[in-house]
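Participant: Sequence:
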Amino acid sequence: MTFHQKNVTVTLVNFLLILGFYLIRVTQLILSESFTLDKIIGVWITVVVIAIVVTIIGTILTHIISTIIETIKTGNEDPQVDDIQDERDELIDLKGTRVSNTVYSFSVLLAMLTFALGQPALVMFTLLILCGIIAQIAGDIFRLRLYRKGF
Numbered sequence: 080m081t082f083h084q085k086n087v088t089v090t091l092v093n094f095l096l097i098l099g100f101y102l103i104r105v106t107q108l109i110l111s112e113s114f115t116l117d118k119i120i121g122v123w124i125t126v127v128v129i130a131i132v133v134t135i136i137g138t139i140l141t142h143i144i145s146t147i148i149e150t151i152k153t154g155n156e157d158p159q160v161d162d163i164q165d166e167r168d169e170l171i172d173l174k175g176t177r178v179s180n181t182v183y184s185f186s187v188l189l190a191m192l193t194f195a196l197g198q199p200a201l202v203m204f205t206l207l208i209l210c211g212i213i214a215q216i217a218g219d220i221f222r223l224r225l226y227r228k229g230f
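Take 80 as the starting number for the sequence shown in the working numbering and just add one per residue.
None of these hints come from the bench; they were simulated from the model. Ideal placement from N, C-alpha and C gives every residue a C-beta, glycine not left out. One should not assume that every hint holds.
[Stated by the list, open to error] Here are the in silico distance ranges between beta carbons for each label pair: (1) LEU196 with ILE147: 45 to 55 Å; (2) LEU98 with LYS118: 37 to 47 Å; (3) PHE204 with PRO158: 39 to 49 Å; (4) ILE131 with PHE82: 18 to 28 Å; (5) GLN107 with ASP161: 37 to 47 Å; (6) GLY229 with LEU201: 23 to 33 Å; (7) LEU201 with HIS142: 38 to 48 Å.
The whole structure should be built from the sequences, with the hints applied where relevant.
Facilitator: The following block contains the structure:
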């Protein structure tokens, strides 16, 4: 697995866990009938902080662990890390970003539609956060698919 595939995999796993957390917390708030602004803002802040911190820490730990494993496998104290981004990696990243943007654009339309149909703005903003997470996951899955395909 290349350096860039590891980055995408870490991000994908991170956002899948965040999606699970977000869905569980929002469902709990809805079922307990405490879906209010002050409670949902706490969930939003938690999701954003977790996304930033866990992605950074996960990426760093993944590279440290893979470097240690590479050192053990080869016996070389200074292993080569292939972290150069070539045109192929840039193209895969751009195509993944395009998928993420497309998914998010349609999701924003859906969220705005819920607001236009009479749902509170709180529902719309909750859907916007949810759709952002789903768009990131869709883009990462597409990137991994392109890497596996050998594009």
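Participant: Compare the structure with each hint and give your call.
Facilitator: Each hint, compared with the structure:
With their beta carbons about 54 Å apart, LEU196 and ILE147 fall inside the hinted range of 45 to 55 Å. In this structure the supplied range 37 to 47 Å is violated for LEU98 paired with LYS118, their Cβ-Cβ distance being about 19 Å. PHE204 and PRO158 have their C-beta atoms about 46 Å apart, which keeps the hinted 39 to 49 Å range intact. Roughly 21 Å separates the CB atoms of ILE131 and PHE82, a value that falls within the hinted 18 to 28 Å.
Checked against the hint of 37 to 47 Å, the pair GLN107 and ASP161 passes, with Cβ atoms roughly 43 Å apart. Separation of GLY229 from LEU201 is about 45 Å and departs from the stated range, judged on CB atoms against 23 to 33 Å. Here the CB-CB span from LEU201 to HIS142 is close to 39 Å, well matched to the stated 38 to 48 Å.
Violation of the numbered hints given earlier is confined to hints 2, 6; the remaining hints are satisfied by the structure.
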